[in-house]
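K.L.:
Once you have looked at the hints, place chain W on chain E.
Chains as they are written, first to last, in numbering that gives the first Met the number 0: chain E, 0 to 348; chain W, 0 to 348.
Everything labelled a hint here was simulated from the structure, so no lab data went into it.
Note that the coordinates shown come from a computational prediction; the quantities given were computed from them, not determined experimentally.
Mixed in with the good hints there might be a few duds.
Copies of the same chain look alike in the list, so a pair counts if it works inside one copy or between any two.
List time: in silico EDC-like cross-link candidates among lysine to aspartate or glutamate, alpha-carbon distance up to 20 Å [claimed, not checked]:
hint, residue 1, residue 2
1, K269, D280
2, K269, E310
3, K303, D292
4, K143, D280
5, K143, D292
6, K269, E337
7, K143, D234
2 protein chains.
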Amino acid sequence: MTYSTAIVLASRPNGNPTPSNFRLEIHELPALTPGAVLLRTIYLSLDPYMRGRMNAGRSYAMPVAIDAVMEGATVCEVLESASPDFAPGDIVLGRSGWQTHSVESAELVSLIDTAGAPISTALGILGMPGFAAYAGLMEIGRPKPGETLVVAGATGAVGSAVGQFGRILGARTVGIAGGAAKIAWLEELGFDVALDHRSPYFEEELAVAVPDGIDVYFENVGGRVWNAVFDHLNDFARVPVCGLISQYNASTPPSGPDRLPELMSAINTKRLLVRGFTQRDLIPAHYKSFARDVPRWLADGRLKYREDIVEGLESAPDAFLGMLEGKNFGKLLVRVSEDPTATPTPRSE
Amino acid sequence: MTYSTAIVLASRPNGNPTPSNFRLEIHELPALTPGAVLLRTIYLSLDPYMRGRMNAGRSYAMPVAIDAVMEGATVCEVLESASPDFAPGDIVLGRSGWQTHSVESAELVSLIDTAGAPISTALGILGMPGFAAYAGLMEIGRPKPGETLVVAGATGAVGSAVGQFGRILGARTVGIAGGAAKIAWLEELGFDVALDHRSPYFEEELAVAVPDGIDVYFENVGGRVWNAVFDHLNDFARVPVCGLISQYNASTPPSGPDRLPELMSAINTKRLLVRGFTQRDLIPAHYKSFARDVPRWLADGRLKYREDIVEGLESAPDAFLGMLEGKNFGKLLVRVSEDPTATPTPRSE
Chain E
0 MTYSTAIVLA SRPNGNPTPS NFRLEIHELP ALTPGAVLLR TIYLSLDPYM
50 RGRMNAGRSY AMPVAIDAVM EGATVCEVLE SASPDFAPGD IVLGRSGWQT
100 HSVESAELVS LIDTAGAPIS TALGILGMPG FAAYAGLMEI GRPKPGETLV
150 VAGATGAVGS AVGQFGRILG ARTVGIAGGA AKIAWLEELG FDVALDHRSP
200 YFEEELAVAV PDGIDVYFEN VGGRVWNAVF DHLNDFARVP VCGLISQYNA
250 STPPSGPDRL PELMSAINTK RLLVRGFTQR DLIPAHYKSF ARDVPRWLAD
300 GRLKYREDIV EGLESAPDAF LGMLEGKNFG KLLVRVSEDP TATPTPRSE
Chain W
0 MTYSTAIVLA SRPNGNPTPS NFRLEIHELP ALTPGAVLLR TIYLSLDPYM
50 RGRMNAGRSY AMPVAIDAVM EGATVCEVLE SASPDFAPGD IVLGRSGWQT
100 HSVESAELVS LIDTAGAPIS TALGILGMPG FAAYAGLMEI GRPKPGETLV
150 VAGATGAVGS AVGQFGRILG ARTVGIAGGA AKIAWLEELG FDVALDHRSP
200 YFEEELAVAV PDGIDVYFEN VGGRVWNAVF DHLNDFARVP VCGLISQYNA
250 STPPSGPDRL PELMSAINTK RLLVRGFTQR DLIPAHYKSF ARDVPRWLAD
300 GRLKYREDIV EGLESAPDAF LGMLEGKNFG KLLVRVSEDP TATPTPRSE
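Pulled out of the complex, with its shape left as it was, chain E reads as follows (with noise of 0.2 Å):
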């Protein structure tokens, strides 16, 4: 009999959601059938697409059911295996959402490469939202050289992918990030420019910054950053729409006056093209090339990555909600149990 400790939503939120949506609980795990895999969580990953999730009504996938263990991809290590696919010790990338432990299908994990980079980047770099970042730009955003392409949330997962992947291409990139310590780290991933949109001067600085106008925005924010970026979108112009973080947590529209007639009208006169895609959408066109072109760029030492790693499942929900204010560094990730890949950290003294 194995038990599973699971975070459960146990209410949706109205706005902001609260550590009140969520409920620690014990559930025992069925046991193993046929085809069936039995496993451990080392990482579970905390991505903004969660807030979604909470909600009643369908974004583009259906929400967690009240009660139900909150969704999430992870990286697992197989305890007991009903499958011919998989032996116990393999390292998988599951989607057992927030718990300890579960009872997958083996059709709906895979192997991870342990011999290549850290597991963690199935979570990150190699993972959803590098992958993410990748198809955005090369289905929508595609980035010519010489370009310019504006980024914001860029020290995260996919804003951090955003902006190199977009460097490789040979375009000109801004960085958009909160604070001196993220700025200081978009100069190290080698963006051309990073920008601090807490700045009183964010506006005039961002202008000051695109002379040539703007040829991709990749949006993942929305809010005052997509204001600012409006007004010097190029002709022809591609935004990517990825996601929304800043108003995921409105529970109103804001007040008026009403933009949406200026916004269209934009796409009109300039010829804008604005798409909305997920991930998963675009996996046929272009995982093939992602799973080359990436692990490859990674190994070569021409991508960097960095993670926000917390210990322990209880401190998810925590984690998940500053998540939502920008207050993770990196991709945000959660240490469930020991990860047995790690180079041991040598202790100071």
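P.N.:
Relative to chain E, chain W alone:
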């Protein structure tokens, strides 16, 4: 010495244009230099885009200068030619604008085949409006057989072409127009459903008309129709943005709430494609197939069109102002002078 009577832009409108924004003038035309032709205007096309040219700000083209002749496409007869490519009597498509005569470079005019459809169609279904409809559908809308295509301004030059092309491509077509006579004509054109946006129950009627949602909304109106359409867009719907006639005269943004975040959220979660275009941008990709398909469909009787012809250049300002309020019924043209190719109408009695 040839004189031209012309309508010039006397002043820029603030909000709704008025007749005082225009002025009738008589110009002396320059002598013919090699490579030029002297033209007599037969038909002048009046189109919504001209409203944008009256503003000072750059739209997708330069504004008309104060005191300059209003721009416009024309069908003309060649009176004198200093070009080996044209002879007196030739009927040509030109861009001579709101005037009775003009001297043009022969490179900017093109011969119209007088043996085919009436020469006025070179300004409508076989001209710029027809091509805008065709290219916007083919490049952006891409309706698949069985999908639902909605178009507003559906009796206009562009809208009526969009609906009929959509039907030929196998889509279910919903046309929106104002008033009983226009609705009756939409049914004659073969729209599956025709809706009157003046109905107090328009929103409810639209909901009933699109039980499977909307896959393509061809936007050339904006305002109330776009608001109503918005909620019915399916996942992966495409919105070619060709024009926004309902908002061209707005001088201040409407009061709140601000619906821009709601639009961005719909683009994100429904993975919409919203893209502005002008027909000119799409000539390289689509003109060849337009020139192959559309004259054939017209000759086959699969396409109908309707013209709203006003007499005399001096009627142009009023007719243009009326069009911005939806008063025209069909492609709006000014008959500036006699059409030598027209079949004489038998007199009654």
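K.L.:
All hints are to be evaluated individually against the structure, with a verdict given for each.
P.N.:
Quick rundown of the hints versus the structure:
1. K269 / D280: between (27 Å within a copy, 11 Å between copies)
2. K269 / E310: neither (48 Å within a copy, 35 Å between copies)
3. K303 / D292: For K303 and D292, only the intra-copy Cα distance (14 Å) is at most 20 Å; the inter-copy one is 52 Å.
4. K143 / D280: For K143 and D280, the Cα distance is within 20 Å only across copies (19 Å; inside one copy 23 Å).
5. K143 / D292: Close inside one copy (17 Å), not across copies (34 Å); limit 20 Å.
6. K269 / E337: Result: close neither inside a copy nor across copies, 52 Å intra and 39 Å inter.
7. K143 / D234: Answer is within: at 14 Å inside a copy they meet the 20 Å cutoff, but 29 Å across does not.
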